[in-house]
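These protein sequence lines are chains A and B, in that order. Under this note's numbering, think of the first position of the first sequence as 1, with each following residue one higher. Under this note's numbering, think of the first position of the second sequence as 1, with each following residue one higher.
Don't take every hint at face value.
Calculated from the model, a selection of chain B residues having no Cβ within reach of chain A, i.e. all distances over 12 Å [as the list claims (entries may be wrong)]: (1) M1; (2) K4; (3) K21; (4) E22; (5) Q26; (6) T47; (7) D62; (8) Q75; (9) K76; (10) K98; (11) Y117; (12) P155; (13) D161; (14) R175; (15) T207.
Simulated crosslink set (SDA-like; lysine to any residue; CA at most 20 Å straight-line) [unchecked claim]: (16) K126(B) / K483(A); (17) K21(B) / R490(A); (18) K136(B) / T105(A); (19) K126(B) / T105(A); (20) K205(A) / D35(B); (21) K148(A) / P132(B); (22) K152(A) / D35(B); (23) K109(A) / D35(B); (24) K148(A) / A120(B); (25) K483(A) / Q452(A); (26) K148(A) / Q113(B); (27) K152(A) / L97(B).
These are calculated hints, taken from the structure and not from any lab test. Ideal placement from N, C-alpha and C gives every residue a C-beta, glycine not left out.
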Amino acid sequence: MEFIHDVVIVGSGLAGLRAALEIPVTAKVALLSKVFPTRSHSGAAQGGISAALGNEEPDSWEWHMYDTVKGGDYLTDQDAAETLARDAERAVYELEHIGAPFNRTSDGKIAQRAFGGHTRNFGEGPVKRACYASDRTGRVILDTLYGKAVEKSIQIFSEFVLIDLIVERGKVSGLVAYELATGELHTFRARAVLIATGGFGGVYKTNSNCFSNTGDGVYLSYRAGIPLEDMEFVQFHPTGIHGLGVLISEATRGEGGILRNNAGQRFMELYAPSLKDLAPRDVVSRAIWTEIREGRGVNGEDYVNLDLTHIGAERIEDKLSDISSFAKIYLGVDVTTDPIAVTPTCHYMMGGIPTDLNGRVLNRFNEPIVGLYSAGEAACVSVHGANRLGTNSLLDLVVFGRRAGKMIAEELKQLDFNNHSSNLDEVSRHRIESLLAPSHGERSFPIRNDLQTLMMDRCSVFRNEADMLKGLSGLESIKDRYKSIFIQNRNPRYNTDLTEALELECLIGLAETILKSAIARQESRGAHYREDFPNRDDKNWLKHTMIQNRSDGTEIFYKPVNISRFEPKARTY
Amino acid sequence: MEIKFRIFRFDPDVDAQPYYKEYFVQAQGNERVLDCLNRIKWTQDGTLGYRMSCAHGVCGSDAMRINGKCGLACQKLVKDFDSGEILVEPLPSFRPLKDLIVDMNPFFERVAQIRPYLIASDTPEKERLQSPEDRKKMDLAIRCILCACCSASCPVANRDDAFRGPAPLVQAFRRIFDSRDEEKLQRLDQLNNKEGVWSCVNHFECTRACPKEIPVTKCINLIKAEIKKTG
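The shape of chain A in the complex, shown without the other chains:
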């Protein structure tokens, strides 16, 4: 079918839903999602959303901005960090007004707790800035925004998979989606398209992401010729459940949890004397891996212990109930008496589709692509720089999701349809036919598994050129294997065998952008740590990496960082 909408939003997490609420009811909006909206991965966010409300202790948005910039190892665009921190209070009050059930202080205000890298008075010590609803903050905000979408009767197309984005002559034309229930291809012509498809942790073997997070919107933008920004900056969250990668919130350490090695030693005291266990994620993940590599993993294995035994059962029930249930179910561990085995897990992509402060997607000349917008983890504003602070992601989604929605509503007055091509789905039809053509061969799973293992081994927490070059050549053989991929399921109804193969193309393409961007950056900054270039090098590398898919191959170029209030200085915690 061909659908014609004024606005198509792809992705029903917090960014997509928040943007949708800004579009006037006079416009015809479609919200596309691979899943039912309440299944979106924003719902897996646990610990909190930051805002300098000062409900528990004095705080200020300037401190929040500073922490965001320093947390991002000065790669953060400071105009974006200022926008985020200044708008945080309004954004959190707004969520409260529309019903988000935050925990409360004894005087009835929104309760707040400490989180990694968030400090008082420009780094003096931890500050309680994270507003939370137990350890299911993302989930309840998702439910709250979904409820508003229901109230507003926004038209939702659930289980529609984005498979092509069409941009012609610098202007969006629309997109092609595959309907899981029927196997039909649909084109959506639109005056405005917002890409809010989230991250792609599935590039890595150990990750905290849902299976649906395969970066479809980011990859398809790249395939359509849009450059991607800062793809080498991949966040490994320090505390994933050992062997599973399931997230154990940083809120555990915000509430007093302590990381311990095989000797029971609180090793973070050595790596971050001031903030200790509440140092930013890149610092803690490197510390954990250093402990493991130097033989201090628990029982000689590749994990350390997260100790919550001193926090107390009542406080855990009140503030950390979901993670205590995960530990119980998956490890058989009672967190009030025994530690949780944890290891770093791929969690968040700082890089993505470059946008301005209003969600407009930018081309290589930093000019907006007409009618194309992006927000959330799919986008790179860049508000997280080289390393995102915990709780800044949920804030990013509602602040920049709203701004993108407002910009769409504004620009919609002038935007018209791009009718350059009459047939938008020709490439997609051909692609699916050719995917279904082989009658035998290798299926998705072993290829995906090898890709994830390769990225884990060659380009994760610790990196060096030799390993990454091996990774790049290994990727070539993975691409070759993909060319003759075999889809066993030939039936149209809920053919996830086919969609997993489509998703795998996205994962492979994004892995390549990560590897190439990481090989090019010959310094260490934030989450990008090079053993062969262990220091930050502001003279040569205080700049954003841009990678673009061009007819003659991939091209890497750079763009400057916006620096307004805070000059780069040494980053210690």
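Dock chain B against chain A, hints included.
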């Protein structure tokens, strides 16, 4: 160890009737039933259909009936089933669309009917104040992930399609007992009938099924008590 799975299969485009198919999977005791389904789909039979996403009990996608009990495939471990054989079926009373995938649209429509959003006219400059005690009244209900295990387990809902079922009632509970909501009476009124709370006769199957340990039956009974109190 080797585990035998018997899985409900049905593709209305291909099959005249549903049938059960057997698979044998190598699995460790601490692996999830979902891991086994993935292994079957990825290495044995790509035609198997089921929903899943987060794989750790937060998104609510992979609700199904496992050895007769509704639950999330990502929360049930192989060692939970000592018989060595695991029977996997779609949620009962939901229309099967393909294999373990059921039609969720009527369920979400029922959730929408209870107006799953805060109704409040005031917009103070900062947050509305709410005491920790008032906030605590919703604490268990906000765990709901809309997986539908409770509704599928409810003997009344299975028999009587007019009954809204437990999950929409939990959603209603969350708003009725939110001190900030201004339409509590209207919400109670909407549920003061057989389609609402009065068909519930305390089988407790919903409570037993809930993967998030919400005391679902208790929530429904608290709504009933509130109706009596205000009526």
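*Is the straight-line distance between the alpha-carbon of K152(A) and that of L97(B) 20 Å or less?*
Violated - the C-alpha atoms of L97(B) and K152(A) are around 28 Å apart, more than 20 Å.
*Would the pair K148(A) and Q113(B) pass a check requiring their Cα atoms to be no farther apart than 20 Å?*
Holds, because 13 Å separates the two Cα atoms, which is no more than 20 Å.
*Going by Cβ atoms, does P155(B) stay more than 12 Å from chain A at every point?*
holds, 26 Å
_So K76(B) supposedly isn't at the interface. Is its beta-carbon more than 12 Å from every beta-carbon in chain A?_
About 9 Å separates K76(B) from the closest Cβ of chain A, which leaves it inside 12 Å; violated.
*Measure nothing beyond the straight line between the CA atoms of K126(B) and K483(A); if it is 20 Å or shorter, mark the hint as holding.*
With a Cα-Cα distance of about 56 Å, the restraint between K126(B) and K483(A) is violated, given a limit of 20 Å.
*Measure nothing beyond the straight line between the CA atoms of K205(A) and D35(B); if it is 20 Å or shorter, mark the hint as holding.*
Holds, because 14 Å separates the two Cα atoms, which is no more than 20 Å.
*Least C-beta distance between Q26(B) and chain A, which was stated to exceed 12 Å*: With a cut-off of 12 Å, Q26(B) remains clear of chain A, as the shortest Cβ separation is near 15 Å.
*Non-interface label on T47(B), tested against every C-beta of chain A at 12 Å*: violated, 4 Å
_For Q75(B), is the shortest CB-to-CB distance to chain A above 12 Å, so the non-interface label stands?_
violated, 6 Å
*K98(B) and chain A, when compared Cβ to Cβ, separated by more than 12 Å*: violated, 5 Å
_Verdict on R175(B) as a residue remote from chain A, using beta-carbon distances over 12 Å_ = violated, 8 Å
*Checking the smallest CB distance to chain A, is D161(B) really beyond 12 Å?*
Given a closest Cβ separation of 21 Å, the condition holds.
In summary, the structure is inconsistent with hints 6, 7, 8, 9, 10, 11, 14, 16, 21, 22, 23 and 27 from the numbered list given earlier, while agreeing with the others.
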